[in-house]
Amino acid sequence: MTTKELKQKSIEYRKKLLKYIVKAKAGHTGGSLSCTDILNVLYNEIMNVSPQNFSSPDRDRYIQSKGHTVEALFVVLADKGFFPEEDLNTLCQYQSHYIGHPTRKVNGVEQNTGALGHGLPIAVGTAIAGKLDKKNYKVYTLMGDGEMPEGSNWEAALTAAHYKLDNLCAIVDKNTLQITAPTADVCNTDPLDEKWKSFGWAVREVDGNDVAALKAILQELPFEEGKPSVVIAHTTKGKGVSYMEGVLKWHHGVPSAAEYELAVKELDTQLLTL
Amino acid sequence: MAEQINTLPYKANLDVYSETLQRLAETDRNIIAVTSDSRGSGKLVPFGKKYPEQIVEVGIAEQNLVGVAAGLASCGKKVFATSPACFLTARALEQIKNDIAYSNNPVNVIGISAGVSYGALGSTHHSLHDYAALRAINNIMVVAPADNWETARAIEAAANSNLPVYLRFGKKPMPPLKEDAADEVFEFGKGRVITEGNDVLLIGCGETVYPAFEAAQLLKEEGIAATVVSMHTIKPLDTVLLARLAGQCRAIITIEEHSVYGGLGEACASYLLQRGIFKPFKIIGIPDEYTVTGSQSDILNHYGISREGIAQTARQLLT
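So the sequence lines, in the order shown, correspond to chains A and B.
Under numbering that gives the first Met the number 0, the first sequence has 270 at position 271, and the numbering climbs by one with no breaks.
Under numbering that gives the first Met the number 0, the second sequence has 69 at position 70, and the numbering climbs by one with no breaks.
Isolated chain B, as found in the complex:
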């Protein structure tokens, strides 16, 4: 299937991560990137060249990456532990749990090429478990910025935060969700409303927000009004916003590049059910099966994480 996003003029969130980190490092020598042979895939080669004292390379050893990052953070360093999300949040999960979250060492855990970004490289390289695994660990935020603006703001916020945070990016160029975000404020734990409409609520995170936005435009042509939210922070969830928007709409759809188990969708469903807000509800994500093979866009299209797929789910849910 054809790529649905016009990607040419846009940057990947991963590129914005790297640029933002360089900008921050210009005035802050405590910014440290820790990599596990991942400076290339993390787009940190220019950072490493410019600030050789501020990059720590541990080789392909993710458990060590996280432990070392925790030690650095305990000495006041603003650490960005950067590695493919698939390895970082599975192989080094115990280190994230104990050395960062439990010990309260405020490391910024950066999961790059997340979700199914690696496409045809297969399940070893996919991270469809990270939201679920990290949501169940106390004292770490779980964040997936949607566009370049959110990414830059999230990195700035992470650098100035004294709390552990997991940030996840893909490597696909992402168009802006709003033409002008100059007046907007980014805050962890506060969802971002992209458009408002009272028929269906589309809640995405990370790179699924843009296809949700596209779906909303498609639905609009059919007379269906959608609200689109970038719920960039999956934990702590913006339950105030969720309750308000859920109350206004007729149906709710969540969209995530993650297993349908334990991620954004179940987080929203759990809150709404316990709050007594019952609406037709659908979680779009990767089902619990051997993931279909193909490129990232093949996989996303296959599971309906696309403009067409989201719009179709909305139509079905509203009838």
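Chain A with its partners taken away, still in its complex shape:
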């Protein structure tokens, strides 16, 4: 896709995820908007995964550690044809598979997540299996900066470096806000790049809401042979909707009808001015 087409996709994804959050009256709005561009680039430009090859042992794997921003994942998976988009009308409804976190009952989801600090260890095991089987697939996991204090992440980071998992890429959606307050005020994990480096990872930083920059950097994987890769993606929570950007309450705030209309209007304007 051209950069313009990718940007269009991101805006469309944002509109859709807001639509389904409003309909469900629930969702993790701000974080879904911050990671939309990352998911867009991964699924449309980087990963070898599709409904056709999803049961193939050679497919690339995506494990969403920050499971709560599932709305972004669901709209991307629907767009890729893993399930009909209208299924999302049942989001968070009685007996729907489309719940507020990723589950394997939804086609295209690799692992059930939701508790934080779980994605990376599973991704490490998946990457070790790839090495053992001499497969060429890559394993991607998306983490939030708010989940960096989970100790299991750092246990897994050690194992990934120990096993030289250059088929593994962690992406940290560093939107700098979590449910209580700015991440730096809750438990400061900066300087994050130095932490990952000292754990033996190859680190790159990028504007995580810049699709062209994301694409360029993810095409370079692995950043160093024999090392796992981490992308610290600097993003804006609530990206794309001016009144949500950087505002804490939109962590899991649901827009009112009027707010939703305003958001769609803004996103439509962005589409027109691309």
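For the record, the hints were derived by calculation from the structure and aren't laboratory data.
There's no promise every hint is true.
Stated by the list, open to error - Result set (DSS-like, lysine-lysine): computed pairs, CA atoms no more than 25 Å apart in a straight line:
| # | chain 1 | residue 1 | chain 2 | residue 2 |
| --- | --- | --- | --- | --- |
| 1 | A | K133 | B | K48 |
| 2 | A | K6 | A | K133 |
| 3 | B | K48 | A | K130 |
Said to hold, decoys possible - Here are some, though not all, of the chain A residues that point toward chain B, as calculated from beta-carbon distances under 10 Å:
| # | residue |
| --- | --- |
| 4 | N111 |
| 5 | G118 |
| 6 | P254 |
Stated by the list, open to error - Derived list of chain A stretches under chain B, where covered just means 3 residues or more per stretch with a C-beta under 8 Å from a C-beta of chain B:
| # | segment |
| --- | --- |
| 7 | 127-135 |
| 8 | 148-160 |
For glycine and all other residues, C-beta sits at the position ideal for the given N, C-alpha and C.
Dock chain B against chain A, hints included.
Just chain B now, kept in the frame of chain A:
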């Protein structure tokens, strides 16, 4: 107190676990052991030497151990995540719940040196909660093989199962419950009747079955006929067998190297009560208190998890 089991010629179930895994790995390169600096205590050093490609070491990091195991299992590996039961089922409980059970990654979770195997090392090293914790988690079987035969069969069954399973072993040498088990079939969820008698039903699991068997022999000399069952699978419980045997006896005793809360005894009691089968009933296990200090046999004897203790409970319950 003196050790009650003549242990000299016998192997620990843990040793049988290791031998069985090696045997399976000879023809199956998908068998993978994952360890957290636990290959020594898990008796997996020979396995690691023989199959260096089939052992994944994560260091002392149990949460990571389970997550990594889940990832490997999702790629078709037959994973045996091996770590002391005390750490594995407490520190990594959330990973067992989410990454294995909820995600349906068919890992074999191997809790070694379980119960009070570590004896005088104290409560940090005891696992008296694992049955209770895991029984309450959907989509994982809870299994404690009693003797070497059950252990080997359980490992084989686990390797060929597509379901998550928790297997727990001690490190004490265990005599066989039957001289010849050649015609027997092992199946998860199917209890194993060791001897039959209509006075008292003794239901054990793991390494408590043997002292129950010894108690039955003692009681026999006194004219009391006991049925002894190895209820190796605590979940799913063999309720068909339980109902049949409970109906035939005058009293029921369960024996487990676990808290009296939430384990085998309460599982049996719950089923029987709801089924309308009421018999004098006693759960022998570790009570809800600071566990007495001492060796494994000291602790087990203290709480009546012994030939004498079980026989005495039976006498009391029958009078």
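Structure-based check of each hint:
1. K133(A) with K48(B): 21 Å, holds
2. K6(A) with K133(A): Roughly 35 Å separates the two Cα atoms, so the pair is violated.
3. K48(B) with K130(A): 19 Å, holds
4. N111: Interface hint status for N111(A): holds (4 Å vs cutoff 10 Å).
5. G118: 8 Å, holds
6. P254: 30 Å, violated
7. 127-135: That given contact holds, which follows from 5 residues of the segment 127-135 of chain A lying within Cβ reach (below 8 Å) of chain B.
8. 148-160: holds (count 6)
The structure shown violates the earlier hints numbered 2, 6.
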